[in-house]
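*Asks:* Each chain is listed here by its residues.
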Amino acid sequence: MKPDTVVRPSSRTAFQVLDGQAVVVATKKRTVHRFDDVATDLWRYLEPGRTVREIEAFVLKTYDVDEETAKKDVGEFLETLLSLDLVQVVE
Amino acid sequence: MIDRVKALLPNRRQGEIPIPRAAIVELTRRCNLACRHCYATPERGRRELSREEIVGLLDQLRDIGTLFLTFVGGDPTVNRDFVSIVRHASRARFAVQFFSNGLLIDDATAEALAAENLLHVGISIYGATPEIHDDLTRRRGSFEKTLRAVRRLKERGVHVVFKFIATNRNAHEAWAAVEMARRLEIPIRVDPTITARDDLNSDTIALRPSRDMHKRLLRDFQGPEWTPQEVDRAGNRDLSCGMAKTLVSVNAYGDVFPCVTLPIPAGNIRYAPFRTIWEESTLLRELRGFHRSSRLQGCPSCGLRAYCSRCPGNTYTETRNLYGPSPSACGEAVLWKELENESKGIVEEVPLPPGLADGHLPGWTPAELAHEAGCSVGLRWAADGA
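As you go down the protein sequences, you meet chains A and B in turn.
One point on numbering: in the numbering used here, the residue at position 22 of the first sequence is 22, and numbering is uninterrupted.
One point on numbering: in the numbering used here, the residue at position 172 of the second sequence is 1172, and numbering is uninterrupted.
Simulated from the structure, these hints should not be mistaken for laboratory data.
Backbone N, C-alpha and C fix where the C-beta goes; we use that ideal spot for every residue, glycine too.
Heads up, a few of these hints could be off.
Not close to chain B: a few residues of chain A, all C-beta gaps over 12 Å, as computed [to be verified]: (1) Phe58; (2) Ala70; (3) Val89.
Below 20 Å or equal to it, Euclidean Cα-Cα: the simulated SDA-like pairs (lysine to any residue) are [claimed, not checked]: (4) Lys1154/B - Asp1107/B; (5) Lys29/A - Ala1114/B; (6) Lys1163/B - Asp1063/B; (7) Lys29/A - Lys1154/B; (8) Lys29/A - Asp1107/B; (9) Lys29/A - Val89/A; (10) Lys1154/B - Val1083/B; (11) Lys28/A - Phe1099/B.
Construct the complete structure from the given sequences, taking the supplied hints into account.
*Replies:* In structure tokens form, the structure reads like this:
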């Protein structure tokens, strides 16, 4: 995904943060996913729609990781969410 | 995957106020059918919630942590603001489903619903032919209209599920209805549970399928996925359920209930914020400790608990006693035990559950019970009492 690509929760998701953990429902696929603390932080951050670059910067600022690790982890996280229909790319 | 949701949702520790993860919201008590078995009875003279009041409730539910939202009625589509309310819920990121007869779902409504983020739509179907379905709904032409609505929704990609309530007037068509659902590629749930009405009138009990039919329905439609449940003899957790904990219900007049099956109000959202009712209601607090109550009667010592699906709400409407045994659940537990025995080739007398102490189950005649007692498996007690 390119740094300027904007991602946000798919319009085909329902979600809620319960006791600090995001629970996300992919309504078309009819699957339910429970996020851990870090994934919940990222989900909350990207909820209004964020660029990949913004999400990487958020991870760098929030967690004790180097830039290379942040880019790799964010890339993998977003690819996973895309494959599960939980986020969509905003054109 | 959706069925695994309980395992995926976090549970709060004992003593903490739970989150109502699922809410059932009645959009109207009015209906365009007059189904013989319906539990919902209109309350004359009471004003139903306006769109603004319902939207306000949804916002409060969202704020407190609700994720799964089910709209019911009457028929929810009879509410003139139905689509607008669904749109609000969908865009507030609830996982939305609704139960309907589909009569008011025309092309425009189906189009509008398909544009929203629906988890699924439960459509009531009571037969495989117009004669049987319309007999139960007491409206000629309803079968065809319902099927047209189903096609409209399905063509637009909405996930539809059939709900078939089996009574003594339509149960014989359950197998044909399942075949019809298979042809339409729509999942179907056959349910032989007929509850008393929510005004505690139990005239609906007479509509229950016969004992033999009930058993065949369980065997053919629920048997493949059924296993005995785990019994918690020390804590009685299996006698409880999600009412007042993970589940809440609000009716069309704003009354808040522990569950849609239990018609004891905990408060009204016109007079107090939802959160206040949820956190401070004496009734809801008591029900959260239901399984620990010393008022539980009969069930804790019952030998058929692993086979029982006792619903506290149905127990209350059936017997007016929340804490006692449920005759209908007791009867079904006997059937499950018999089915298990038959599948294993076991011949034994099934013990009498506490709710059948008089040997009679509402909806099953003494003659039926006596007939069944002639079988090689179980129910000798019925012959003794007949």
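*Asks:* None of the hints should be skipped; say for each whether it holds.
*Replies:* Going through the hints against the structure:
{"no.": "1", "hint": "Phe58", "in the structure": "21 Å, holds"}
{"no.": "2", "hint": "Ala70", "in the structure": "27 Å, holds"}
{"no.": "3", "hint": "Val89", "in the structure": "18 Å, holds"}
{"no.": "4", "hint": "Lys1154/B - Asp1107/B", "in the structure": "12 Å, holds"}
{"no.": "5", "hint": "Lys29/A - Ala1114/B", "in the structure": "15 Å, holds"}
{"no.": "6", "hint": "Lys1163/B - Asp1063/B", "in the structure": "31 Å, violated"}
{"no.": "7", "hint": "Lys29/A - Lys1154/B", "in the structure": "15 Å, holds"}
{"no.": "8", "hint": "Lys29/A - Asp1107/B", "in the structure": "24 Å, violated"}
{"no.": "9", "hint": "Lys29/A - Val89/A", "in the structure": "18 Å, holds"}
{"no.": "10", "hint": "Lys1154/B - Val1083/B", "in the structure": "17 Å, holds"}
{"no.": "11", "hint": "Lys28/A - Phe1099/B", "in the structure": "18 Å, holds"}
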